[in-house]
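Using the sequences and the accompanying hints, generate a full structural model.
There are 2 protein chains.
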Amino acid sequence: MQYPNKIKKKTEKVINYSNRGMNLENLINESNEYYVEKDIALIYKKPTPIGISEAVYTNRGRVIKNGYFKAPSTLDYNGIYKGKYIEFEAKETQNKTSFPLANFHEHQLKYIKKVLHHGGICFVILKMNGIIYLIRGSDLIDFIDHNSRKSIPYSFIEENGFVIKEQYIPALDYLKVVDEIYLKG
Amino acid sequence: MQYPNKIKKKTEKVINYSNRGMNLENLINESNEYYVEKDIALIYKKPTPIGISEAVYTNRGRVIKNGYFKAPSTLDYNGIYKGKYIEFEAKETQNKTSFPLANFHEHQLKYIKKVLHHGGICFVILKMNGIIYLIRGSDLIDFIDHNSRKSIPYSFIEENGFVIKEQYIPALDYLKVVDEIYLKG
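Going down the list, the protein sequences come from chains C and X. Using my numbering, read the first sequence as starting at 1 and increasing by one per residue. Using my numbering, read the second sequence as starting at 1001 and increasing by one per residue.
Calculated directly from the structure, the hints in this document are not laboratory data. C-beta atoms are modelled at their ideal positions from N, C-alpha and C, and glycine is treated no differently. Among the hints, a few may not be true.
[Claimed, not checked] Listed below are the simulated EDC-like cross-link pairs for lysine to aspartate or glutamate, each with C-alpha atoms no more than 16 Å apart in a straight line: (1) X:Lys1114 to C:Asp179; (2) X:Lys1114 to C:Asp39; (3) C:Lys113 to C:Asp145; (4) X:Lys1045 to C:Asp179; (5) X:Lys1114 to X:Asp1142; (6) C:Lys165 to C:Glu25; (7) C:Lys113 to X:Glu1037; (8) X:Lys1110 to X:Glu1159; (9) X:Lys1113 to C:Glu37; (10) C:Lys114 to C:Asp139; (11) X:Lys1070 to X:Glu1106; (12) C:Lys82 to C:Glu180; (13) X:Lys1110 to X:Asp1139; (14) X:Lys1110 to C:Asp39; (15) X:Lys1046 to X:Glu1025; (16) C:Lys46 to X:Asp1076; (17) X:Lys1113 to C:Asp39; (18) C:Lys46 to C:Glu25; (19) C:Lys45 to X:Asp1076; (20) X:Lys1113 to X:Glu1159; (21) C:Lys127 to C:Glu92; (22) X:Lys1110 to C:Glu37; (23) X:Lys1114 to C:Glu37; (24) C:Lys114 to X:Glu1033; (25) C:Lys110 to X:Asp1139; (26) C:Lys110 to X:Asp1142; (27) C:Lys110 to C:Glu92; (28) X:Lys1046 to C:Asp76; (29) C:Lys165 to C:Asp179; (30) C:Lys114 to X:Glu1037; (31) X:Lys1065 to C:Glu180; (32) X:Lys1165 to X:Asp1179; (33) C:Lys114 to X:Asp1039; (34) C:Lys38 to C:Asp173; (35) X:Lys1045 to X:Glu1025; (36) C:Lys113 to X:Glu1054; (37) C:Lys65 to X:Glu1106.
[Unchecked claim] Chain X stretches covered by chain C per the calculated footprint, using a threshold of three residues with CB under 8 Å from any CB of chain C: (38) 1113 to 1123; (39) 1149 to 1159.
Dropping the structure here:
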């Protein structure tokens, strides 16, 4: 007679964390929810700015009948971590050899400079060639100020970027990298 | 013979700064633009979060054909000033004797606590009885934690609020009051 409770096989769960089909934005949003829940940080994606050309009042309240998306001039995410102001942008590219600067809206690069000027922590989270990098705003600005190129070669990203590893919870613990880069010592 | 150029009367411009017909939100937005322009601070109104139930692609890009407004769980404005994280809400009330707490969305009051916990500067700019007050988040939370009342009596606001005066440029220099309350010494 067997004792099913005792000879029960260990369930082998092989979880490939990097392959849950979440895009970069979802990884970040999920991590931000974790940070808020655990009282680690308050970081949110800013709503996309909308222009409204037609709206009607219904019993559900005001409803937009004609609206369009405006180009943002600030970055996607901002918030507070360990008393510090944080702002960043998330980008994914399918390009393998270089990251086109056209991925940024006109005012965003100038805006990065401004955030740094005011003492904020500012960076870009970039997914390229299957790897997620944190690129410091200062490195990005430095590249742009000293190059006339319209795209950043991958070699620059490999040399200057800090790899953020995907994991289980939180899915993308980018604040660990922020700690190491910005808040040590 | 008269010399019109010489006897020209001084044009008397009597500008009543408090009476330009701008509502509180416009006063704040205009001041924020001034702060950004003069490199004093980066503070923006967050776009209202929108839910989209129908969108179509046109030659102008993606256009919203059915959208609704979501209740915000954070506050209206955030940004960075002198390296500090700032977040606040702007409210106007026609009530004369008390400010109803129903003016806040469900999660907003809890959110004020969170911002304070993370070391941010957090307050409410309240226009009531024709006067614009800055109410510290900590005072607001203190009131709520020690009262079961659903509205804040005006006497509390008069005692604990800091008056922000309207002026010419910027229209509402609330950062001057922030300096005095939070950043002195």
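Check: Holds or violated: are the alpha carbons of X:Lys1113 and X:Glu1159 at most 16 Å from each other?
Finding: The given pair, whose Cα atoms are some 21 Å apart, is violated under the 16 Å limit.
Margin query: Does X:Glu1106 sit within 16 Å of X:Lys1070, going by the straight-line distance between their CA atoms?
Written below: Distance of about 12 Å is within 16 Å: holds.
Next item on the list: Decide if the proposed pair is consistent with the structure: X:Lys1114 and C:Asp179, CA atoms, cutoff 16 Å inclusive.
Entry: violated, 20 Å
Check: Are the Cα atoms of C:Lys110 and X:Asp1142 separated by 16 Å or less?
Finding: Cα-Cα ~40 Å, so violated.
Next item on the list: With a cut-off of 16 Å on the C-alpha distance, tell me whether C:Lys114 and X:Asp1039 pass.
Entry: Within the cut-off at roughly 8 Å; holds.
Check: Given the hint that C:Lys165 pairs with C:Asp179, does the C-alpha gap stay at or below 16 Å?
Finding: holds, 14 Å
Margin query: Checking one constraint from the list: CA of X:Lys1045 to CA of C:Asp179, max 16 Å. Satisfied?
Written below: violated, 28 Å
Item checked: Hinted pair C:Lys113 and X:Glu1054, Cα distance within 16 Å -> violated, 37 Å
Margin query: Tell me if the straight-line CA distance from X:Lys1114 to C:Asp39 falls inside 16 Å.
Written below: It holds: about 8 Å lies between the C-alpha atoms, which stays within 16 Å.
Notebook entry, point to check: Do three or more residues from the region 1149 to 1159 of chain X put their C-beta atoms closer than 8 Å to C-beta atoms of chain C?
Noted result: n = 0 at 8 Å, threshold three: violated.
Check: Holds or violated: X:Lys1046 with C:Asp76, Cα cutoff 16 Å?
Finding: holds, 11 Å
Check: Going straight from one Cα to the other, do X:Lys1165 and X:Asp1179 come out at no more than 16 Å?
Finding: Holds - the C-alpha atoms of X:Asp1179 and X:Lys1165 are around 14 Å apart, at most 16 Å.
The structure fails to meet hints 1, 4, 8, 20, 25, 26, 27, 31, 36, 37, 39 from the earlier list, while all remaining hints are met.
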